[in-house]
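Asker: Read off the chains here:
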Amino acid sequence: MNFMESVRIAMRSLSANKLRSSLTMLGIIIGVTAVIAMLSIGRGAQAAITNQINSIGTNLLYIRPGAPVQNGVRAAEGSAATLTMEDGTAISSVSNVVAVAPEVDSFGQMAYMGNNTNGRIVGVTPDYLNALNGSVADGDFVSSSNVTARSAVAVLGAGVAQTLFDTGEPVGQSIRINGQQFRVIGVMTAQGGTGFLNQDNQVFVPITTAMSRLSRGGRFGAGNSVQVLNVKITGPSAQTQVIQDISQILDQRHHVVQDDFTIQSQQDILNTASQVTGTLTIFLGGVAAISLIVGGIGIMNIMLVSVTERTREIGIRKAVGARKRDILAQFLTEATILSLSGGIIGIILGALIARLISGIQLGSSSISTVVDPDAVILAVLFSAGVGLFFGSYPASRAAGLHPIDALRYE
Amino acid sequence: MPPVLQPVIQIEDVKKIYKMGEVEVPALNGVSFQIMTGEMVAIIEPSGSGKSTLMNIIGCLDTPTSGKYILDGVDVSKLTDDQQAGIRNKKIGFVFQQFNLLARTPALDQVELPMVYAGAPDRRQRALAALESVGLKERVHHRPNELSGGQQQRVAIARALVTNPSIILADEPTGNLDSKSGAEIINIFKTLNRDRGLTVILVTHDPTIAAQAQRTIRVRDGLVVNNGN
Ligand SMILES: Nc1ncnc2c1ncn2[C@@H]1O[C@H](COP(=O)(O)OP(=O)(O)OP(=O)(O)O)[C@@H](O)[C@H]1O
Ligand SMILES: [Mg+2]
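Residue numbers (my numbering), protein chains in the order written: chain R, 1 to 410; chain L, 1 to 229.
Source of the hints: derived by calculation from the structure; they are not laboratory data.
One or more of the hints may lead you astray.
[Unchecked claim] With a cut-off of at most 27 angstroms between alpha-carbon atoms, the simulated DSS-like pairs for lysine-lysine come out as follows: (1) L:K90 - L:K190; (2) L:K78 - R:K324; (3) R:K324 - L:K19; (4) R:K324 - L:K68; (5) L:K68 - L:K91; (6) R:K324 - L:K91; (7) L:K90 - R:K324.
Because the structure is a prediction, the values reported are computed rather than measured.
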């Protein structure tokens, strides 16, 4: 008996019991729908984060004070290590380094007239714009003379500008940052990003101003120490060498043998982030896969009932010459058709749901979904596998029936 | 068709004991006989004395507890399940007392069924021809519940015929029919035997039906009491 024949017989017996077949399929449909929808949310988050990180530029290194953390343990427990503006100047001479942008950050409140918002306050030098691929939409960025003069000027992220000024013109206005007066000299181009990746909900001030005027409560650390040195390099191929050179210079300057600072590349961050979101995706998909298994048990249940009900039919088929494998193929095909068509409907529904929930606002971030072909192929294979797996026991029961016992079955 | 004196079926001291838990129910107690190619034989015996059991063994649907069954020179008890399925498919056409048609399935598909498992070509035409030969040309799309008992049995005969088997086994084929349809069915068997040279083995407890065969084998209490020779 060939394959098409099995399909024909299976289709006939499935359509003889339409309601039962559809209810059985429903179990698989729900399972696959859930898997596809959940995976699409996970993948969406992954894509959003990757995009965000890539938009900053992949030629970026971050140097932070403190020895590298390996397996949760700091390799070298040093003194309170610091990085300074001077460290930044020193490494800017390393070849293939395009720009070094020291940075200090804290969180604070920005207020204008009756409006206020909370966001990141970033102390920067003019190099920041170049190093992090930012651009100014209106007005100017922090200038060298601002840094030298410790001017009380601020460049607003697009989100902050929007919140404080709505449609009004921010440049030239005075705002309060943590209660202190700052003059707005520019507004950044909107960058997008959600949640902790929101790049628009921040203000930039000269790094010297941040250190001297906003350092109350030790938010920015002591003296001229910086929190991050953003280093832009010419390209990924130079990365290894640049990291080596920088390490050497900093070790020398800090009089240490083992690094008391950590150099992270954009790629490292990307890896970490996609590890986190990958785990999230697997978790979401795994929870959804449980319902697929439940659907599979439904198939097994119905197939067992069907084998019992059709014992006589099996006897008749055997009496006219059906071999074990013919009966096996017939019931396996039936189970697989149930699960596979349930799977395909589930994929379509899951993709539709992914589409519907994409863009829904959850707090400050919005859900983004991506249905990728991997997930679809996985769902197809998995649902076919569920049919084969849960159909094989009932099918082998049917195939193993003795022809006379089957024919005599009441 | 000249008579060819060659045994197609050789039953030697066949015993069949059914086990129901601890209890052993003997159905055949050492049956021996031969059937030649092209014969039409009736096996007659009282109810419950093992006719169906014997037919199932001859039809390769069941295996004897002991004894030998040689079909066309092949010892059937040495064959695997699938080889026996192949014999049921190609060499034997079985007609049951209870018709044993597939529920809700049109006559044409019923008759095609053995050819599905044989992987035979031209299934539709051959099924139509078989149905025509049993006088059901007008009923090919009817389902069992849309056919009379006699018509259902004729569908079953068409199904038995369609693979061109050499042996037709009929276990009380008229048991569920009135005498008129029963006579029609017996006539079909006689025609098949005469015109196509098929070996026909007919089980019955009705002496008037047995009388239509060339030879009668009498069995009682699981033993052959008269093999008609
Ligand atoms: N599966 C079985 N398990 C136990 N005993 C059985 C089984 N099948 C048949 N028997 C017994 O074997 C004996 C012969 O049964 P069989 O069906 O061959 O009789 P039969 O001659 O065909 O009867 P009938 O004319 O009523 O159809 C009976 O006594 C029956 O009870
Ligand atoms: Mg019987």
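Asker: In ascending order, which of the hints set out earlier in this document are inconsistent with the structure?
Answerer: none
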